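Asker: With the hints as your guide, set chain B onto chain A.
Taken in sequence, the protein lines are chains A and B.
For the first sequence, counting from 1, position 292 maps to 292 in my numbering; every step adds exactly one.
For the second sequence, counting from 1, position 378 maps to 378 in my numbering; every step adds exactly one.
What the hints contain is simulated information worked out from the structure, not anything from laboratory work.
Note that the coordinates shown come from a computational prediction; the quantities given were computed from them, not determined experimentally.
Hints may contain errors.
[Unchecked claim] So, partial list: chain B residues that the calculated Cβ filter (under 8 angstroms) puts toward chain A:
#	residue
1	A9
2	V11
3	L18
4	V22
5	G68
6	Y112
[As the list claims (entries may be wrong)] With a straight-line Cα cutoff of 20 angstroms, these simulated EDC-like cross-link-like pairs (lysine to aspartate or glutamate) come out:
#	chain 1	residue 1	chain 2	residue 2
7	B	K111	A	D13
8	B	K210	B	D292
9	B	K173	B	E260
10	A	K34	B	D144
11	B	K335	A	D174
12	B	K39	B	D334
13	B	K173	B	D162
14	A	K34	B	D334
15	B	K173	B	E127
16	B	K335	A	D196
17	B	K173	B	D129
18	B	K328	B	D56
19	B	K111	A	D152
20	A	K34	A	D13
21	B	K377	A	D174
22	B	K210	B	E297
23	B	K328	B	E260
24	B	K377	B	D334
[What the hints assert, rightly or not] Distance ranges between label pairs, derived from CB positions:
#	chain 1	residue 1	chain 2	residue 2	range
25	A	E6	B	L265	38 to 46 angstroms
26	A	Q23	B	Y343	17 to 25 angstroms
27	A	D41	B	V66	38 to 46 angstroms
28	A	E6	B	F378	27 to 35 angstroms
29	B	W150	A	Q187	51 to 59 angstroms
30	A	H199	B	L325	31 to 39 angstroms
Backbone N, C-alpha and C fix where the C-beta goes; we use that ideal spot for every residue, glycine too.
Below are the chains, spelled out letter by letter.
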Amino acid sequence: MACGCEVRIAGLDEASAFRLAQQAIEEVRRIENKYSRYRADSIVGRINAAAGDAPVQCDGETVSLMDYADALHASSDGLFDITSGVLRRAWDFRRARLPSVADVDAARALVGWQHVERDGRHVRLSRAGMEIDFGGFGKEYAADRAATLLIDAGCRHGFVNLGGDLRAFGPQPDGSAWRFGIQHPRQADATVASLDVVHGGLATSGDYERYFELDGVRYCHILDPRTGWPVRYWQSITVLAPLAIAAGSLSTIAMLKQAAAGDFLARSGAAWLAVGPRGEVVSSDGVGDDPAAGTVE
Amino acid sequence: MLKNPSTGAAVLVAALALPGVVPAARAEAAPDSAQIGFKYLNYRDSQPGLKRVSVDAPSVSWLLPVAGSWSLAGSYTLDSVSGASPRWHSSISSASRMSDFRRAADLRVTKYLARSTFSFGTAYSTEHDYRSNSYSLQATFSSDDNNTTWAVGFGRALDRIDPVNGIVADEQKRTTDFMLGVTQVLTPNDIVQANLTVARGRGYYSDPYKQVDQRPRERNQSALMLRWNHHFDGLGASLRTSYRYYDDSFDVQAHTTSAEWVQPLPRGWTIAPSIRYHTQSAARFYYDPVYDPLLGEPFPPGYLANPAGFYSADHRLSAFGALTLGIKVSKAIDKNWNADLRYEIYEQRGSWRIGGTGSPGLAPFRARFMQVGVTHKF
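Just chain B, with the same shape it has in the complex:
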């Protein structure tokens, strides 16, 4: 219908192209109702023959509009983690069982002005051997026609690590990050966004529970995220696509691309299948599962000659390709209640890498992620 200019629907399309007749497409206005949400997350990962980590995480989040132009938002999560402690190379048997609780909370206050927003957020997270505190500042500024929005952000985090095995004590890690972004409404149906983030970190990056895990004490990261969302009038559906380039001083370079199709259906249902592909190079100190002939597992060849060098067998620092398939189904029960279910499967393999050779000798790593939630607006 919209393709035929001689129908009334074209009038609305033309009207929506006028400057300043609708608020910013990104809803930069203060929220107009309070909201509370409960979510329950279950995560499991595995390698062939080994069930690894299982996480159960209920969480509560809330959003409260205050005095018309302020909002206050927060969340609280309780994780319980159990399972075999993550084994690095799949050939290394890892005997120790572990279980832990993590508590995390965050709070964000935002002030909405006519063409700008300012927000301050703080977060903390704690486990028995790990504490993290962070704060962040963010501001957005929109053009007069609200079609362009610039965002700047600044954040600092302090992590304290105090492992029970006493291998190190009172270690910490400090991270500072900056973000710069722009969002542009191209047409009533197209929004593009570019975000650049740089982070500088200093401190303890190693895994204290691994015998051979010595990483540099600094890590500088940068990431460029590009997004394009397109709305299809005929189907009433949206396609959300993204590409992210990541680079850090451990020499990990990664490319991630994703697409999600959000399809509203009758009776308040929405279904959103998604796909994401990630490929990365290995950190320069990652070592393949080939061990020193004298020391054997888990020591890399040449360890004796340079015991103070950098080594890690963490599969997250290996070269690999990974695919995530997901689906989200949500249902608006009535004006104020919404329920959703999200299910994702993830698989990582050295041989799935594109743009280089994947790390050899690692068993495929699989994870699945399931989340159910309800939100209520007041």
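The following block holds chain A by itself, in its conformation from the complex:
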């Protein structure tokens, strides 16, 4: 994965910890390879290559992820849509220029979960040129799978951190929580807060991960499938939930909800911390009010 990945296991002897960490990393690689949209031989590559053509038969794990994508689409009023990756064809973040209306419209015509036909294990993208992409939650899914593998193997202290989206499965051996700094969305070498996590998933979505600025306006990589344009409101949203995949999906949906995110998060049952349009930090009760917040590392 194109990110910093860390598997931390404590409370075991070095040889066992090393062997188990290898297994966890192997599981992350398995998911990366299986669901890479860059690989023609991956299940995602094959579904996309067959868009507008024949249905592709999927295995049980892929069907489960499709079910999850369906639930996300329904829970987000259509904002979280795994077919929206084609909008990247219109937006080139390296060249820092706005796309033409025609380019955005052409890409938008290929977006729509309702155009994904599912029949049991068979999946068919009904429009030629459509694509699905599990990138919106694949990394978090991998973190949960790897952590579960470690829990099942008896690990009781540690976490799997895939580029800042992580799943913790038990405290440090002395019983204290793991402390994770939350990236400052405007200063690459600073954090806005640090959160204590013992069990569960922590994930952040932000407008700073991939973006360009033009005439003082930031255009980030989180694209609203309804308009085809980047969202503009929150600088970042961090969610703490029982699973990394739930934390990641909630933070992404909240970014997509823009100004309506507060109500959505409040009703999600998760703990959260958000950096608002002017850099102000807002959070659910009990999150982020710790003295180490704002520490520059």
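Answerer: Chain B only, in chain A's frame:
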């Protein structure tokens, strides 16, 4: 909230349905902390006009994780039993007082692997006239998604009976049992389980302290247990239900069904009311409280013609229905301390039988069971 799909809580529910993102719902992982528990049990039973047996039983139990993937668990119980020796038919006055101590201990070692567990257990129990030793082996295997777990078990027990009245000496009873079970997670909120147990026993089954108690020297038993646990998200509560069918070569057939509602409350309290109903047919050699016209109590009619036949007046072998009402209250005092109190009342009557005629002429049998305990985690 969960019924409305357009809220964030639905995201977590959907995520929990993914394969392999949470460990097995049945916590088949090795325990991560040591635990010690003390319990004190008081049991009394009675029939109208007669207080019968009273049992006081303090016990200690402990659980120790070892090297990450092993656990060692054990318990030790000291019973003191006193009272009138159990009278069978309520019409038979039973004069003898009795008191006895029972000591029981067990030990179990379990190895936890990624998708399986293996355990070996041994137990012994001793009274002045009775000793029991047993061992058991059990293994569980889970599917890749941890939603299905199969269990197999094997056990052997040897009981030695040496009654003080010398009616028999150095008698024994050997039992072998096999267990096969499957547990299936249906949804994040529903777990079902089926367990089949068969046991084959040979040896001395009679009660040496009863004048007329002669039972077959073999007893084969089978039981099918079905369980369904459902969690209610809105209330945060769980309903645990079970049904058990039992059948043995004494011709006892029984049906037992139970339900328990486990309701967590604020401030670490949990309250769990429960109800259980049991109905059974009589053993074929159970005799009603009607006695031989010549010999009188406690001899059944026709005893003289067949003194070597099978006879028992044990109310546990009669046809009856029984109801148990219970409540358990527990309180998590802090992260490491837990206290609980359990109280159950049991009543058994011939007329409460469903699915057949209950044995006539027996006074209702009542028992109450109270247990207090504390557990501490390290």
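Asker: Work down the list of hints and note, for each, if the structure agrees.
Answerer: Tested hints:
no.: 1; hint: A9; verdict: 5 angstroms, holds
no.: 2; hint: V11; verdict: 5 angstroms, holds
no.: 3; hint: L18; verdict: 5 angstroms, holds
no.: 4; hint: V22; verdict: 6 angstroms, holds
no.: 5; hint: G68; verdict: 4 angstroms, holds
no.: 6; hint: Y112; verdict: 6 angstroms, holds
no.: 7; hint: K111/B - D13/A; verdict: 18 angstroms, holds
no.: 8; hint: K210/B - D292/B; verdict: 16 angstroms, holds
no.: 9; hint: K173/B - E260/B; verdict: 35 angstroms, violated
no.: 10; hint: K34/A - D144/B; verdict: 17 angstroms, holds
no.: 11; hint: K335/B - D174/A; verdict: 15 angstroms, holds
no.: 12; hint: K39/B - D334/B; verdict: 19 angstroms, holds
no.: 13; hint: K173/B - D162/B; verdict: 12 angstroms, holds
no.: 14; hint: K34/A - D334/B; verdict: 45 angstroms, violated
no.: 15; hint: K173/B - E127/B; verdict: 15 angstroms, holds
no.: 16; hint: K335/B - D196/A; verdict: 18 angstroms, holds
no.: 17; hint: K173/B - D129/B; verdict: 14 angstroms, holds
no.: 18; hint: K328/B - D56/B; verdict: 19 angstroms, holds
no.: 19; hint: K111/B - D152/A; verdict: 12 angstroms, holds
no.: 20; hint: K34/A - D13/A; verdict: 32 angstroms, violated
no.: 21; hint: K377/B - D174/A; verdict: 15 angstroms, holds
no.: 22; hint: K210/B - E297/B; verdict: 12 angstroms, holds
no.: 23; hint: K328/B - E260/B; verdict: 10 angstroms, holds
no.: 24; hint: K377/B - D334/B; verdict: 10 angstroms, holds
no.: 25; hint: E6/A - L265/B: 38 to 46 angstroms; verdict: 40 angstroms, holds
no.: 26; hint: Q23/A - Y343/B: 17 to 25 angstroms; verdict: 48 angstroms, violated
no.: 27; hint: D41/A - V66/B: 38 to 46 angstroms; verdict: 45 angstroms, holds
no.: 28; hint: E6/A - F378/B: 27 to 35 angstroms; verdict: 30 angstroms, holds
no.: 29; hint: W150/B - Q187/A: 51 to 59 angstroms; verdict: 54 angstroms, holds
no.: 30; hint: H199/A - L325/B: 31 to 39 angstroms; verdict: 37 angstroms, holds
In terms of the numbered hints stated before, the structure departs from hints 9, 14, 20, 26, listed from lowest to highest.
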